[in-house]
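Residue numbers (my numbering): 163 to 1132.
Check each hint, because a few of them may be wrong.
[What the hints assert, rightly or not] Heads up, simulated DSSO-like pairs for lysine-lysine below, C-alpha to C-alpha not over 27 Å straight-line:
no., residue 1, residue 2
1, 212, 378
2, 218, 318
3, 699, 642
4, 352, 378
5, 169, 1091
6, 1091, 919
7, 608, 518
8, 438, 214
9, 438, 642
10, 273, 244
11, 280, 321
12, 391, 222
13, 280, 212
14, 654, 535
15, 273, 438
16, 535, 438
17, 849, 831
18, 212, 393
19, 1091, 955
20, 378, 244
21, 452, 321
22, 452, 198
23, 321, 222
24, 393, 378
25, 214, 352
26, 654, 685
27, 280, 241
28, 654, 518
29, 198, 214
30, 438, 212
31, 438, 244
32, 244, 280
33, 1085, 919
34, 318, 244
35, 518, 535
In short, the hints are calculated from the structure, not lab data.
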Amino acid sequence: MAGGRTKWLFAILQCFLLALVGLGVWDVLFVYEENKCSMTYMFEYPEYIKIKLPNKLTSKYPSYDLYLYGEGDSAEARKNLKATGIPVLFLPGNAGSYRQVRSLGSVALRKAENIHNKFHFDFFSINFNEELVALYGGSLERQTTFVHACIKVILKLYKDQKVAPCSVAIVGHSMGGIIARALFTLPNFKPTLISLIITQATPHVAPVLLVDRYLKDFYTTVNNYWILKEKDLRNITILSMGGGFRDYQVRSGLTIVPSLGLYNNTLNVVTSAVPKAWLSTDHLCIVWCKELVLATVRAFFDLVDHQTNQMTTDLERRMSVLHHHFVNYSEKDSAEDNLESSASFPDPSATWSEIKTYKWTYNSPEFSAWEPKATYFLLPLPSEREPYTHLYCRTSNLEPSNWIYGCMKINQSICAGRWNPFPFYALSDHLKYFTVSQESIDLTGKAELLKMYKIVNFNLDEYRSFSHFIIHISKASVNKRFSIECEFLTAKSRMVSTPVTNVLSLGASTNRIFINSTGLLHKIQLQDFNQIYQAFKIHVRSQCQFTHGKTEDVYRFHVPWSHEDFVVTTSAPSSTVIFAKLHRARPENDSSVPELQLHTARCCRYEITIRTSFLEVLGQLIRFHGIYLPMYVVANILLAFGRQLMHLYSEGRCLDFNSALNAAARPYKVIPVVNLAVFLLRYDWFKEMWSILMLPEMDILTLNRQGSSYPMIPILLFLFGTAIAYWNGIFLRMLLKQLSFLWSIFHRPRIIKKEHKLLNFRSSGIMIFLLFITWTTCGAAALILGYVLYLVKVLSLQSSVRAMKGILNLAPKQEDMKEIAKEEGCKSGMGGHVPKEPEELSPDRLKLLSDSDVDDAVDTLQIHITILHLLNWIILFSAPSFIYWFKNLRYSRRLDPDPCGFVAIILVFSIGVLMNSHSTSVKRSKLLKHTARLQLLLAIAMAAFGLVHLYRVPYFVTFSLVLHAFGCLV
């Protein structure tokens, strides 16, 4: 009774844990902002002009091609392959198409027409045959070598140009970005061939899934090279864009380019922080999203050196342009290097006015009958004795122009004169002096575009050399509706600091902040918010005193250590919900704090409520750690397998899979041992022992470097793995029962023999055949064929066990029927003659079948079902290489290199033995006890070395099955 209750409680717990996993997966896949990207359309029919490659290159890479993009007349002009523009090479990613270049190419063509084709860009694209390079790393080196050859071919197309380009710019989507960086690791590659690399949703830190060692080796080579050779590569500019929370394939934390940060040549941004976009994109949308395509093309055109009509070689200018378009967009022309430049005011008809208040608002009149005139407003700088620390100004709908200046104290006699609100006709002499002195500084480059506002927030301590700030309204803006708001403020009075709620509160506790706004800017610092597993729901309610119309508010969640801000706009009064979570944990040497910036209206009251979002926390857990769940599931299966073998050794019976999982799945058996090893690695003597044993680095240390390892998460992931394994066991058991019914239609069930040769002619033939498949094609194909044969074996066992149970249950009833028949025969004078029974129920067959036979058959079936569980995961890990091989079968019959080859060779022999194994042979094994105990050690080793490096998991499973097969023989 107690055992049954325990099973029910365990089932309920696993149901609850699986529900948590489902909620986390639901949050990652479906709970995010809607797709706000605009589609990029072509104005003319796109054409992809195939570039003829050298025969040697074509024969070596028959599945790869190089194309030049064109539309309409431009395509016709380029078919002679005489390039005259600026070369840009697009590299598609995992399963990507060369046709994805059309968005960038089309917009660049239209922009070139707008400048009357003073210069233009030639967009090339490479066809990688849509290879799955994110899941199979064996082709990454081939792709890299091919790209190098294509760059040489591209540059040769410009040999007749007067000023021929000596480098290309590269745009790489997904794995195309890592290919671009891998070019520099080639032994004969010249770094001067590439000047700029823009990557879109590229996992630079590590692969999303490490399913083969070739991926690991490739990433290690590339990242180590860029870190060790950072000084030599300092002239290469890299922009990396992450898609934000909509991209559930490549999380934005992986898109950061690893570097030591010694040189300012790398910029990492999330699309939600990109000016004029402020949106999140999925993994494919980032290629064609119009807002991002426009920003990229604008940056390309601003990067052109107008003297050579080629990409600028000035590193500072390249970084300045990229910051302008992807971080802080101001209306000042990004081609100007200096954000603070001298200015003059030559218009004698301009109107000058001095503002003598610390809060000032100007709304343009609805209609002006006067002739448009430029207007200048002077804001005197407060003295140091006054408490003000910052000047905050924002404009709305102001005509793009230089609109804010600083007046140096050398001109204080001019700037600080007594002005009246009417035009000053006597200022011409002053203006002449003002023009000649060149002591007014244009500060428009310091402005930032934030949705509908252009804002500046000047720290007055940095501008004490100024006497005034000057606001300029150009003639073009006079007859338009616009507004300007400015105020001098004290930063501390506008800053509120509050601790965030604890993650374990699960949303039950809240923090409330009330702001009675009399100003335009307020900031809320979110203390203790620095980990990726934290997620909060921030509810902002605004109530305003005015009753006429609405005012626009802008809320920005700002993360100071990463360009991953996101912006929300609303109209006060309003009720707005913001979900705050991080793409990247705070670095160890950083003490900054995330903040919520409220660009508010005056005379409004704001209530901010902060609470933990349980659903978002689960989503963060799955987003960052969901890829490690397969390892924990397999570890649980190994523990259950060990429990089955131990119970068979001690009790003579084998538990079913779920009962064994209930008894063996304990996180305290695995996690503390791994944590103890991590702790001991702090000591030199243990490190020496570790190196003597030639053990690899523990995966938990890799997660520590990435800032995504926390003490309680492994335990929670282990429990999630238990739940997945439990319900997977139920599903597989039900599936096998249904399939066995179908199997029994075509194959008559047989009595399972206790004594059976483990190695016979049939099993030997199967092993030889599978070895031949492994050698001539790929290991994954042999594994899949072996799995199918093993599945057939299990189905046959399932139908036989069901038939044997039916025979055993019918046996007593059959004896009763014989007695009744005898009595009826005597009464009718038949002399007790009984008709002959069917062969299946004959007395001879009944004598051969007993309860122990059925029990042994059931034990055999339980062991084979658990082995099938393990084989399921091996097939899952080998599926990517099989898909890659099958897709490229027309180019090559054999997969080279083959990540599954070694595992396949070993497992072929094991499967050949295990297919004929019986529980009686397992019981007699001299290694049964040791095999059972070693499953725990394998689970611990897997947790230590297979958490990140998932390709190691099949090796541990293979070792377990080999050990079990060897035990059946001994």
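Right, here's what the structure says about each hint:
Restraint check for residue 212 and residue 378: not satisfied, since their Cα atoms lie roughly 33 Å apart, outside the 27 Å limit. With a CA separation close to 17 Å, the supplied pair residue 218 and residue 318 stays within the 27 Å bound. Our distance criterion of 27 Å between C-alpha atoms is broken by residue 699 and residue 642, whose separation comes to about 39 Å. At roughly 25 Å between alpha-carbon atoms, residue 352 and residue 378 fall within 27 Å of each other, so this suggested pair holds.
Taking the CA atoms of residue 169 and residue 1091, the gap is about 26 Å. The hint holds against a cut of 27 Å. Taking the CA atoms of residue 1091 and residue 919, the gap is about 23 Å. The hint holds against a cut of 27 Å. Proposed proximity of residue 608 and residue 518 is supported: the alpha carbons are some 24 Å apart, at most 27 Å. At roughly 39 Å between alpha-carbon atoms, residue 438 and residue 214 are farther apart than 27 Å, so this suggested pair is violated.
For a cut-off of 27 Å, the pair hint linking residue 438 to residue 642 stands: about 22 Å separates their Cα positions. Our distance criterion of 27 Å between C-alpha atoms is met by residue 273 and residue 244, whose separation comes to about 21 Å. Proximity of residue 280 to residue 321 is assessed by CA-CA distance (about 19 Å); at most 27 Å being required, the pair is judged to hold. A hinted pair counts as satisfied when its Cα atoms are at most 27 Å apart, and residue 391 with residue 222 does not qualify at roughly 30 Å.
Taken as a hint, the residue 280 and residue 212 pair is honoured in the structure, with Cα atoms around 26 Å apart against an allowance of 27 Å. Pair hint residue 654 plus residue 535 does not hold up; C-alpha atoms about 39 Å apart against a cutoff of 27 Å. Restraint check: the Cα-Cα separation between residue 273 and residue 438 comes to about 17 Å, which is no more than 27 Å; the hinted pair holds. Note on residue 535 and residue 438: the hinted pairing is violated, with a Cα-Cα distance of about 30 Å set against a maximum of 27 Å.
Of the supplied pair hints, the one linking residue 849 and residue 831 holds, its CA atoms being roughly 23 Å apart against a limit of 27 Å. As the CA atoms of residue 212 and residue 393 are separated by approximately 37 Å, the hinted pair breaks the 27 Å bound. Among the hinted pairs, residue 1091 with residue 955 is consistent with the structure: their alpha-carbon atoms are about 26 Å apart, no more than 27 Å. At roughly 41 Å between alpha-carbon atoms, residue 378 and residue 244 are farther apart than 27 Å, so this suggested pair is violated.
Distance hint between residue 452 and residue 321 is unfulfilled; the C-alpha atoms sit about 33 Å from each other, more than 27 Å. At most 27 Å may separate the alpha-carbon atoms for a hinted pair to count; residue 452 and residue 198 meet this at roughly 10 Å. The hinted pair formed by residue 321 and residue 222 meets the criterion: a straight-line CA distance of about 25 Å does not exceed 27 Å. The straight-line distance between the Cα atoms of residue 393 and residue 378 is roughly 24 Å, inside the 27 Å bound, and the hint therefore holds.
Using a Cα cut-off of 27 Å, the hinted pair residue 214 and residue 352 holds, with the two alpha carbons roughly 23 Å apart. For a cut-off of 27 Å, the pair hint linking residue 654 to residue 685 stands: about 9 Å separates their Cα positions. Annotation: proposed proximity of residue 280 to residue 241 holds, straight-line Cα distance about 21 Å (limit 27 Å). A hinted pair counts as satisfied when its Cα atoms are at most 27 Å apart, and residue 654 with residue 518 qualifies at roughly 23 Å.
Pair hint residue 198 plus residue 214 does not hold up; C-alpha atoms about 39 Å apart against a cutoff of 27 Å. Straight-line distance between C-alpha atoms of residue 438 and residue 212 comes to about 35 Å, which puts the hinted pair past the 27 Å bound. The straight-line distance between the Cα atoms of residue 438 and residue 244 is roughly 36 Å, outside the 27 Å bound, and the hint therefore fails. A hinted pair counts as satisfied when its Cα atoms are at most 27 Å apart, and residue 244 with residue 280 qualifies at roughly 17 Å.
For the suggested pair residue 1085 and residue 919, the alpha carbons sit about 16 Å apart, so the restraint of at most 27 Å is met. Between the alpha carbons of residue 318 and residue 244 the distance comes to roughly 10 Å, so the proposed pair stays at or under 27 Å and holds. Distance hint between residue 518 and residue 535 is fulfilled; the C-alpha atoms sit about 22 Å from each other, no more than 27 Å.
The earlier numbered hints that this structure contradicts are 1, 3, 8, 12, 14, 16, 18, 20, 21, 29, 30, 31.
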